[in-house]
Amino acid sequence: MPWDRNQMAARAAQELEDGMYVNLGIGIPTLVANYVGDKDITLQSENGMLGMGPFPFEGEEDPDLINAGKQTITELARTSYFDSAMSFGMIRGGKIAAAILGAMEVAENGDLANWMIPGKLVKGMGGAMDLVAGVEKVVVVMDHTNKHGDSKLLKECTLPLTGKGVVDRIITNLGVLDVVEGGLKIVECAEGVTEEELRAATEATLV
Amino acid sequence: MKKVYGSAAEALDGLLQDGMLIAAGGFGLCGIPELLIDAIVESDVKDLTVASNNAGVDGFGLGKLLDTKQIKKMMSSYVGENAEFMRQYLSGELELEFNPQGTLAERMRAGGSGIPGFYTKTGYGTQIGEGKEVKVFNGEHYILEEGIFADLSIVKAWKADDTGNLVFRKTARNFNPPAAMCGKVCVVEVEEIVPRGSLDPDHIHLPGIYVHRIIQGEHEKRIEQRTVRKREEA
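Sequence lines, in order, name chains A and B. Sequential numbering of the first sequence, starting at 1, is according to the working numbering. Sequential numbering of the second sequence, starting at 1, is according to the working numbering.
One or more hints might be untrue.
A few chain B residues that face chain A, going by a derived Cβ cut-off under 7 Å, partial list only [unchecked claim]:
1) 27
2) 30
3) 77
4) 79
5) 106
6) 121
7) 122
8) 125
9) 229
Rough simulated footprint, nothing fancy, chain A against chain B, three-plus residues with beta-carbon under 8 Å [unchecked claim]:
10) 169-182
11) 212-225
Here are the simulated distance ranges between beta carbons [to be verified]:
12) 6/A <-> 83/B: 28 to 36 Å
13) 195/B <-> 39/A: 40 to 48 Å
14) 203/B <-> 39/A: 30 to 38 Å
15) 93/B <-> 191/A: 50 to 58 Å
16) 221/B <-> 34/A: 23 to 31 Å
17) 39/A <-> 87/B: 41 to 49 Å
18) 201/B <-> 77/A: 21 to 29 Å
Please keep in mind that the hints were generated in silico from the structure rather than gathered at the bench. Note that beta-carbon positions come from the ideal geometry of N, C-alpha and C, so glycine has one too.
Just need the whole structure built from these sequences, with the hints factored in.
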């Protein structure tokens, strides 16, 4: 059985180490926060906050306190606030240890596409291009194939890029792969998924 | 010099011109200069270029200036929470220049700091880097981005003293300081103007040198995505 959303998030949480400052993207990456256990992780929200807390209780929402997805959130004892220039200064400056993001396509050289589909409504890249360019370790969490069964791990991306050669590790419903010299390297298969099945679902060169 | 004005319209008097570049603070609907936007809607200024991370929602924030078709061009990182924006954009009435969020913030900060250009890795090898100068530093590729020098900054802060020293609140700070810095003239709206000396000088987020005009007013502070958890989960 391939991993479900929560199992993918739990596997992604294993990438995080005690003491890390981390940025989580929208979607499955957001679920990663539920699986960090007792590791001391500080979450960054790129609209200007370190130490992001959980959603507020009803009636305690503060319009001045939101995350990068514009959702109401809370602060923690460790929280600090800063402006957008400093926020992206720490991203661009390599101070954020890891970013966990969703993707539409990843290529075997680490190219990432996750911000636009030509011909469809384009809402913008937000902070994604800055994150993938600046953060030390970029982990992508995504489905291995699209709804037609075609691989989303490609030799070359077909969609406009978010970043060139930026992805370090890919966690899909079928397993974990690293971007290495010459292509992708299988790190592990999801429980119940064979290496053969993973290979068959992958267009990118496997080394 | 008197910086405190009685209303948003008074504070903007003489500053608005057709075709001007305005830098606006805010992220989503958080920390947006809603009173100054309303006053610009009431003026007849048009053909504006607005540098702002987002473009408001239908009927609120910068969405109001889109409804009145006063904006010619947006410089933003994320838009489309807004049906009227998309309609105008798809019909070609509205120009849009996408900027990566951090690049937009740094372009404002740079403009306000007298830095006309800087190199960043962000966007190299993507559509954003097309046509921009590329330079290699220590084996890595960077693209040249230009500072933003706005004609006017419109900004929202929490508190100000009468000299324009500003304090922001929580994540409502966001783009407000860099937006404030990059304008020739900066007009700020706050929730409270406090007496000189009552703000701790060590706790000023943006010094009054960047601030030219201040107004105080009531803010709606609309929430875009209200998310909560249940008490039992505590």
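Honestly, which of those hints from before does the structure not fit?
-> none
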